[in-house]
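Visitor: Using the sequences and the accompanying hints, generate a full structural model.
6 protein chains.
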Amino acid sequence: MGLCVRNIPRADASVIDALQGFGVATVHEAQGRIGLLASHLRPIFRPAKIAGSAVTCEVAPGDNWMLHVAVEQCRPGDVLVVAPTSPCEDGYFGDLLATSLQAHGVRGLIIDAGVRDVAELTEMGFPVWSKAIFAQGTVKETVGNVNLPLVCAGALIHPGDVIVADDDGVCVVRRGDAAAVAEKARKREANETDKRARLAAGELGLDIYDMRARLAEKGLRWVDEA
Amino acid sequence: MGLCVRNIPRADASVIDALQGFGVATVHEAQGRIGLLASHLRPIFRPAKIAGSAVTCEVAPGDNWMLHVAVEQCRPGDVLVVAPTSPCEDGYFGDLLATSLQAHGVRGLIIDAGVRDVAELTEMGFPVWSKAIFAQGTVKETVGNVNLPLVCAGALIHPGDVIVADDDGVCVVRRGDAAAVAEKARKREANETDKRARLAAGELGLDIYDMRARLAEKGLRWVDEA
Amino acid sequence: MGLCVRNIPRADASVIDALQGFGVATVHEAQGRIGLLASHLRPIFRPAKIAGSAVTCEVAPGDNWMLHVAVEQCRPGDVLVVAPTSPCEDGYFGDLLATSLQAHGVRGLIIDAGVRDVAELTEMGFPVWSKAIFAQGTVKETVGNVNLPLVCAGALIHPGDVIVADDDGVCVVRRGDAAAVAEKARKREANETDKRARLAAGELGLDIYDMRARLAEKGLRWVDEA
Amino acid sequence: MGLCVRNIPRADASVIDALQGFGVATVHEAQGRIGLLASHLRPIFRPAKIAGSAVTCEVAPGDNWMLHVAVEQCRPGDVLVVAPTSPCEDGYFGDLLATSLQAHGVRGLIIDAGVRDVAELTEMGFPVWSKAIFAQGTVKETVGNVNLPLVCAGALIHPGDVIVADDDGVCVVRRGDAAAVAEKARKREANETDKRARLAAGELGLDIYDMRARLAEKGLRWVDEA
Amino acid sequence: MGLCVRNIPRADASVIDALQGFGVATVHEAQGRIGLLASHLRPIFRPAKIAGSAVTCEVAPGDNWMLHVAVEQCRPGDVLVVAPTSPCEDGYFGDLLATSLQAHGVRGLIIDAGVRDVAELTEMGFPVWSKAIFAQGTVKETVGNVNLPLVCAGALIHPGDVIVADDDGVCVVRRGDAAAVAEKARKREANETDKRARLAAGELGLDIYDMRARLAEKGLRWVDEA
Amino acid sequence: MGLCVRNIPRADASVIDALQGFGVATVHEAQGRIGLLASHLRPIFRPAKIAGSAVTCEVAPGDNWMLHVAVEQCRPGDVLVVAPTSPCEDGYFGDLLATSLQAHGVRGLIIDAGVRDVAELTEMGFPVWSKAIFAQGTVKETVGNVNLPLVCAGALIHPGDVIVADDDGVCVVRRGDAAAVAEKARKREANETDKRARLAAGELGLDIYDMRARLAEKGLRWVDEA
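Protein chains in written order, with the numbering used here: chain U, 33 to 258; chain B, 33 to 258; chain R, 33 to 258; chain L, 33 to 258; chain Z, 33 to 258; chain X, 33 to 258.
Treat the hints as calculated values from the structure; they're not laboratory data.
Glycine residues also receive a C-beta, built at the ideal position from the N, C-alpha and C atoms.
Just so you know, not all the hints are guaranteed correct.
[What the hints assert, rightly or not] Pair ranges (Cβ atoms, derived):
(1) R:R246 with Z:G208: 44 to 50 Å
(2) Z:G64 with L:T225: 55 to 61 Å
(3) Z:A229 with X:E221: 53 to 59 Å
Guide: And the structure:
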């Protein structure tokens with residue numbers, strides 16, 4: 033009833049690193065405002081900023097058995113993405129599993145559930161984005177799936193998709209789109225540099241983006257305080 | 033259908049600075065336990081402590097157009113207060129708008145919605161109290177209102193009211209009450225200094241505030257563990 | 033209608049200190065995965081790690097009068113545990129009460145409600161686990177109970193039980209079980225040291241815990257990406 | 033510290049009745065998409081549909097004393113609007129208070145907190161929109177305000193404003209705008225009758241509202257399934 | 033690791049039936065405003081009104097195995113009370129288990145988790161108070177406890193305690209207190225009959241309860257609208 | 033930037049009708065406990081039970097323009113499935129759109145957002161499963177997608193997939209799996225008939241499913257109340 037898929041494809045490492053540099057907000061915009069995981073996923077420490085290839089892992093509520101199966105499929109540069117089959121905030125993950133993932137070069141964990149040992153994870157510098165911090169222990173009774181597509185925090189993720197995560201949250205980029213998105217992100221960032229300088233100098237967005245006429249057309253009126 | 037009011041009145045700068053010094057809890061108490069915004073507004077970094085005159089901005093869900101209109105109305109010492117017309121956690125605000133506000137001397141942002149680029153905002157030292165951290169981009173299609181009274185996180189705010197915000201949350205003080213509230217806050221704080229010293233020395237609140245008789249009257253009994 | 037019980041028994045100080053050392057996740061596991069308070073209780077600053085004897089305090093919504101009654105019952109090494117009789121997030125507790133508790137040697141506060149003055153509490157190093165940070169002031173009109181058993185954040189707590197709290201949350205250990213739980217926690221931790229080393233060296237949990245056969249029995253299959 | 037304002041003005045009864053007939057969605061649209069209370073206010077039974085003049089009542093958390101003060105200020109055709117000074121879901125209101133309000137001709141209750149005796153209220157046909165159904169009893173210790181403006185479920189309400197409530201929720205109309213809003217609602221409803229008939233006959237909104245060109249302009253493309 | 037306790041004591045049937053008649057709000061008040069389960073427990077159909085002896089059942093998240101164990105311990109007149117060891121909203125219970133409980137004379141189910149087949153349960157007239165309606169299936173892998181004390185929706189429940197549930201929610205009465213609480217509830221109800229008649233006749237609570245002087249003492253002032 | 037796909041494939045009508053007959057819980061189990069949408073989607077009236085082919089519609093927050101585009105793609109027997117690109121509870125849908133959908137033979141609406149006019153929808157017998165009931169009006173400014181795959185309430189839905197919805201919630205069945213799932217559901221239901229009869233006769237699940245030995249193996253012990 034469970035499946036573990038081996039040897040999934042990954043995106044190019046240089047593209048992944050480029051996406052990591054741009055961060056979540058820029059990547060999300062660059063690919064047309066899609067791909068965000070829900071805002072209830074929060075980093076256990078800040079700042080944190082990673083990107084990597086998704087190894088996906090679907091688990092039963094209160095059962096972390098499949099995480100051990102998933103570790104074996106991880107390669108350096110991967111990000112483990114875990115979603116329970118129904119809402120759960122148990123502590124699926126702690127410092128032992130983090131030690132194991134770190135030993136295999138995994139860059140971080142995205143989990144739509146709970147984690148524990150967050151003081152230790154913080155000391156280790158192992159970044160986690162989770163729904164909850166909760167020490168509740170789990171069992172090892174029910175198998176699930178590794179490296180099948182899954183929905184995590186409202187976003188569809190295929191194994192090998194690129195995960196970008198930072199203080200703003202988590203974003204997924206389709207593996208096949210990663211290079212193009214990185215290129216668009218680069219242009220977006222270049223474009224923003226000039227804007228930032230003008231705004232820092234006190235110029236108004238109203239003027240830089242030439243908004244006044246269109247605002248008036250839509251019915252905006254300016255009046256003085258009576 | 034949208035209105036932007038210019039040249040709103042502000043409270044006296046020295047009163048605003050005094051209120052900033054006292055902080056949210058003291059100001060809230062000093063004005064009779066009113067004026068708090070809901071506790072779901074949290075600072076994106078801590079510690080943070082500001083006060084300023086409210087420039088209010090009402091926005092459509094998922095549409096940050098009016099923020100650009102609001103920037104033009106801000107003066108040094110202001111605090112921008114943003115509320116959507118229906119619940120939304122999109123990322124209305126990021127480092128570019130923060131750069132613009134900072135260039136105009138704005139002290140911080142209060143927003144009953146989401147923000148992004150929080151790592152950059154933290155580096156810039158631009159304080160924000162928000163409902164969510166979420167990278168979701170917004171559109172620029174619908175006009176709203178700037179400097180009309182609005183309800184933000186459950187509190188009524190008039191343009192020019194004084195906003196006080198710190199690690200405890202956000203409080204609003206009516207412009208016309210600001211000087212009197214500052215004076216009451218000063219007295220309250222003076223009074224607390226003595227109390228703090230007595231409590232630090234081990235005296236009990238029960239004795240300092242003479243509570244024992246009234247507690248007994250209300251039916252409290254002390255018994256020893258059987 | 034209210035009762036304050038004096039001279040409750042406490043667990044042995046050395047046992048309490050041992051439990052503090054192990055932390056919440058280990059203690060929770062050691063006693064059979066029980067005793068956690070709900071995950072909505074979060075520390076106001078991190079890192080924080082305490083253990084102590086519970087002095088329990090049941091309060092009316094929006095009424096912090098009984099906290100003053102509870103302070104008198106606290107001894108060095110205690111932890112104050114506060115629960116409202118119905119859900120409330122008001123700021124029952126601030127720097128004055130913290131000063132008082134600190135003067136009496138109390139190690140921290142667990143409260144299924146709100147606290148305020150968190151910047152000051154952070155500077156004082158007085159740890160608090162709360163449901164909310166909210167400056168809302170409270171009244172002193174209704175008596176409650178001190179040192180009766182209560183349910184706090186979903187967990188039953190008797191006065192004198194041992195409270196363990198750290199960045200992962202809060203756990204309660206029955207006073208009568210404390211020594212045995214500490215011993216089990218010690219064994220668990222010892223056992224984990226070896227596991228951690230093997231995992232750090234790259235060995236898989238699948239092999240260390242000999243999981244492959246049982247996974248296959250339960251129906252897990254490994255396949256290669258097509 | 034508390035104030036009870038007597039003899040507040042009301043809107044014209046015929047205007048109120050007209051607004052009741054149109055219902056919440058139509059009234060909300062007619063006045064420019066403003067005035068809704070938050071969606072967490074739900075009717076305790078359905079269908080229910082009322083309109084009336086707001087008598088406002090601000091209460092302390094867990095304290096229903098002021099409801100008795102408010103009853104005296106109610107006249108036939110009024111709607112009682114209750115908001116706590118901080119979030120609370122206690123059962124402020126039950127069948128005795130409903131009996132009292134019904135005896136004074138009050139049309140219903142809007143409360144951003146809890147109610148109880150809902151089986152009896154349903155039998156009595158006394159409609160309530162509340163945040164929770166909860167039997168938790170309240171005390172009578174702290175005074176509040178009657179007939180001062182307040183924020184209830186995120187909306188500012190002045191005493192004498194018109195409250196419209198039905199299965200869709202609750203809407204407030206400023207007293208001074210009530211007649212004009214009723215007139216606009218009448219026109220909106222008339223306009224919808226024709227639209228409804230055309231839609232029922234199978235005509236598309238795309239054609240009725242002539243949307244195709246503007247959709248294409250905004251970039252929408254139609255393609256056939258490959 | 034699991035325990036099932038047989039032959040628990042029950043309260044007297046006539047007392048249980050009396051408590052059922054009074055309902056949740058009255059019983060809760062009669063025993064001093066204690067014993068309510070959290071308001072997130074809602075009946076799957078209304079009206080519903082039961083009382084019975086608690087058979088308690090603690091389950092793992094997503095695992096309904098112990099419900100079968102609990103059925104065997106149920107006798108006519110019992111109410112099954114189920115709580116997961118960590119938050120879960122899976123559908124632990126459906127029409128088959130309801131058929132089984134109904135065959136054994138069980139009056140209803142209280143579950144701090146999810147249920148399914150609610151259309152069938154409604155047709156069967158089998159009342160359930162639950163946290164969620166959710167079809168998610170569960171496994172049968174982990175043992176728990178039957179008839180040990182547990183915390184359900186924030187309330188401590190011992191096996192054999194009396195559960196009272198109606199449209200207002202759920203209340204627990206200690207078995208040893210049940211007769212006394214029933215008697216107090218009877219007096220309370222008798223007292224309310226007179227009050228209800230006076231209120232129905234238009235008398236004010238302000239006068240019936242003689243509140244005016246005490247309100248004034250606490251600082252309430254009446255003023256006329258300016 | 034938006035796409036509307038025409039002429040999507042549908043599953044066989046007889047299979048869809050069969051799935052409707054089985055209902056959500058049985059279908060969910062028959063396909064291996066997958067496919068449920070989150071439990072926050074609730075029917076606006078009960079009972080309600082439908083199945084149909086998904087026409088998917090992705091909308092901007094607070095913008096219902098694309099619903100008009102989607103209506104044109106609907107055929108008799110379809111179910112419209114709507115998801116916003118970020119969380120929103122505005123009232124995207126009311127009686128006019130329902131009239132239009134009903135005129136085109138659509139069986140119901142699934143929307144991870146709000147709806148209004150629920151009294152009218154109830155009278156019309158047009159079933160809706162939604163996240164909220166909220167009258168908040170929406171704009172028509174931003175295009176989205178029709179008949180692209182989307183995630184709705186945590187579940188991935190392709191256009192043409194079969195949606196089954198009843199009082200228990202909503203389930204999706206892949207179009208290609210529909211016939212096989214219907215067959216498995218038929219067998220499951222047949223199997224349950226016998227079980228139901230035995231349970232109704234008082235037989236225990238413990239015996240019918242032969243659970244005692246395995247429970248004991250897992251460590252369950254039965255003891256008598258001391």
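Visitor: Now look at each hint and say whether the structure bears it out.
Guide: Hint-by-hint comparison with the structure:
Restraint check, R:R246 to Z:G208: a C-beta distance of roughly 47 Å satisfies the suggested window 44 to 50 Å. In this structure, Z:G64 and L:T225 meet the distance hint of 55 to 61 Å, their C-beta atoms being roughly 57 Å apart. Between Z:A229 and X:E221, the C-beta spacing of about 55 Å keeps the proposed range 53 to 59 Å intact.
In summary, the structure agrees with every hint in the numbered list given earlier.
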